[in-house]
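Here is what each chain is made of, one letter per residue.
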Amino acid sequence: MDRFTRVDLTSTLRPILGEGETILAIQDNVGLYDGNEKAAGYMCGKVYLTSHRIIYVDSEQPNTNSIGVEIKLIKGREFYTGFVKSSPKITLKFSDSNNNLYNNNSSPSTSTLSLQNTLSSTWICTICSYSNKPQNIKCQVCGVKRPENLTSSTPPSALSLTSISFAAGTPSQQTITHQSSFNNNIIETSIDESDGIACPKCTFLNHPSMIRCELCDAELGTFKIDGFKNDNDVTLGNRVSGKSKEDFIKLAFRNGGVAAFYDKMKQAMNMKEWEKPESTKSPTDFDPVRGGISGIMRSAEKNKKEQDEYLNQAFKDIESLKTITEEMVKLAQSINARLSKESVESQASADEISNFKTNLFKLGITKDEAGATYHQELARELAEFLENVLNKEDGMMSLTDIYCIFNRARGVALISPNDLYKACSLFERLNLPFRLRKYESGLLVVHLLAHSDDQIAQRILECIQSKGSLSAIELASIEQKSVVLVNEQLQMVEDKGLICRDESVEGIRYYDNLIINYVWKGN
Amino acid sequence: MENSFSFPSIHNFPPFYTLQPTQTTWQNQAALWSEIILAYYRHHKLYRLELFESLNSELFNFNNNQGIKRRLRLETLQAIIDTMVKRGTAEWESPPKKVSAIIYWRKPEEWANLINNWILETGMSNSIVTVYEIAHGESSEGFEFHGLDQTILMKALDILVKKGVAQIFQGTSTDDMGVKFFGING
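As they're listed, the protein sequences go chains L and U.
One point on numbering: in the UniProt record's numbering, the residue at position 402 of the first sequence is 402, and numbering is uninterrupted.
One point on numbering: in the UniProt record's numbering, the residue at position 4 of the second sequence is 4, and numbering is uninterrupted.
Since the hints were made in silico from the structure, they are not lab data.
Mixed in with the good hints there might be a few duds.
[To be verified] As a list, the in silico BS3-like pairs of lysine-lysine whose alpha-carbon atoms are at most 30 Å apart: (1) U:69 <-> L:496; (2) U:69 <-> L:521; (3) U:45 <-> U:163; (4) L:521 <-> U:45; (5) L:467 <-> U:69; (6) U:45 <-> U:162; (7) L:521 <-> U:107; (8) L:272 <-> L:302; (9) L:521 <-> U:86; (10) U:107 <-> U:180; (11) L:89 <-> L:266; (12) L:266 <-> L:330; (13) U:86 <-> L:496; (14) L:422 <-> L:438; (15) L:72 <-> L:272; (16) L:72 <-> L:38; (17) L:481 <-> L:422; (18) L:75 <-> L:272; (19) L:302 <-> L:133; (20) L:481 <-> L:496; (21) U:162 <-> U:97.
Keep in mind that this is a model prediction, so the values were computed, not measured.
The whole structure should be built from the sequences, with the hints applied where relevant.
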């Protein structure tokens, strides 16, 4: 269990995914076993399989009891089909008992792991002194290859961090201890209370409560502070407390779906999505021609070629399109960015487009991933989407309009009207801040939970009072809403007795209700 | 003709000519219409409302200088008179046909009292008066019931007969009918 880290959730209780991470499968009503015993507090929840992690979101206390584990830490898996009352289970082995893990060269992911471990901190380019990310093999700024001594020569137990920090002249009173606990390194820096913490990069003495160096923003390695979270780095995460006796956990699937989940997990473990950033940049020897402006031009040209290749590949058939979706989306994004720069559209519509784009690429839950929980997931996704949209729309929008913009935002993997309807009817059950409402005319709208008819009525009344009289179409164009929706709202206001209608050959116009309170004293 | 009837401002309000679907609004709308009709009929001493004809009258039409024209629809007028019938201020002349109505800007009981008081005041107790004399005679001139619609007059007289205040003697026609008042204060 101690391999699990806390997972941050969105407001609709879905896990926040890292960059390049995608959801592969979701199964609800799953319990966790720590070894062979049930894990208290993690008995019933939803399990998300992403390309990088397995995430457990508790159904009762999602904010405190939601945890995740990186797939790359999983060394073995076992499948148990279940028997009589015992539910089907998947066992995830972390093979901690094998202390020779680092020497185990037969394991497919060992090379990555040792690389990751030795480079859990950034490395500094020897030429330009730029702090590079650990996965970069060449310096991001000058393109110089990472020095050899930082990679292979470092023994697994001693971190590159040490060599860097000592080389940079860390004060000797500071001792850095490394607990090379299996494949995770929990670095604890003994803090000299009087002096504060010396930055391993720049040796600046920071205040003991600092997490990052004030000068160079490097991580200080003080992980004693509660609540410190770091999503990107596995080794620095917020551990789930409790040492486990066993080196495996089990997922009990009480609601079925185990076979599909297992298949997806196998795929994910074979795909090794987390290795991709490295594998795409093949380590080549440093070539002086690659440096300088010519190098930049070369790489721009190369990028262009790659894009062309992607496009060609992608549109060959639908399967390949699926596999390189991510690249395609990135490409689309960059094209979009370029287009919007060049576009001569008005400021308002440009804003709209950029707003739209921010919502655009996060969407895309599909039936394959979610299975039985598809509509619930869709509802959550929709709720996240509507949070941005509905406030502009005055808290109410017709279902057809939502269908339109939601599918436009998704771009691919469009949803059917029926799926949307089902997802919307789940809002109440999932405790999401939206409600589906059916008007007497049969018009379906989605509105904010906090939305109130009185507010709308007041606003419409004021609008009518200022204009004298209005037709539904006029009001719709003033309020920038659909006519059907405005019609419903006018009807609602009329029912309240605030306005009255005037039917003539020109259609219906609405007036302030002078009739209801009119008193005639007689002649 | 006397000075013209002055309509209230609501009479110039376009939605006033549409049957309001909201119940509370409609109730007040119908009440306002019946008030206007009664006041208008009292002003012009009218008793009968022929629906088709009167829809063209100034009472149910509105024409403002901005070119907005509204006219009450027949169904709306029928609905208004229906509510008046319920309140006892109107009566359909030949139900279930809704083409003509009697408007009671005074109820028959009130007319009966007025006639009886007139008899007592003019000292015509125990003498016989014809129906024509009551409505159109010289002696009733200046009184409110002068020119009273015959149907309403007969209803008022019926009420007096039932009270035992008067007795009707049949004549050759309605106008020849004689009424003997006993001089009792009804």
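Status of the hints after comparison with the structure:
1. U:69 <-> L:496: Cα-Cα ~27 Å, so holds.
2. U:69 <-> L:521: It holds: about 25 Å lies between the C-alpha atoms, which stays within 30 Å.
3. U:45 <-> U:163: 27 Å, holds
4. L:521 <-> U:45: 20 Å, holds
5. L:467 <-> U:69: 20 Å, holds
6. U:45 <-> U:162: Given pair residue 45 (chain U), residue 162 (chain U) holds - Cα atoms ~27 Å apart, limit 30 Å.
7. L:521 <-> U:107: 20 Å, holds
8. L:272 <-> L:302: 25 Å, holds
9. L:521 <-> U:86: 22 Å, holds
10. U:107 <-> U:180: 22 Å, holds
11. L:89 <-> L:266: 14 Å, holds
12. L:266 <-> L:330: OK: residue 266 (chain L) and residue 330 (chain L) at ~27 Å, within 30 Å.
13. U:86 <-> L:496: Since the Cα atoms of residue 86 (chain U) and residue 496 (chain L) sit roughly 26 Å apart, the hinted pair holds (cutoff 30 Å).
14. L:422 <-> L:438: With a Cα-Cα distance of about 14 Å, the restraint between residue 422 (chain L) and residue 438 (chain L) holds, given a limit of 30 Å.
15. L:72 <-> L:272: Roughly 8 Å separates the two Cα atoms, so the pair holds.
16. L:72 <-> L:38: 24 Å, holds
17. L:481 <-> L:422: 24 Å, holds
18. L:75 <-> L:272: 13 Å, holds
19. L:302 <-> L:133: It holds: about 22 Å lies between the C-alpha atoms, which stays within 30 Å.
20. L:481 <-> L:496: OK: residue 481 (chain L) and residue 496 (chain L) at ~21 Å, within 30 Å.
21. U:162 <-> U:97: 29 Å, holds
This entry satisfies every hint, going by the numbered hints stated previously.
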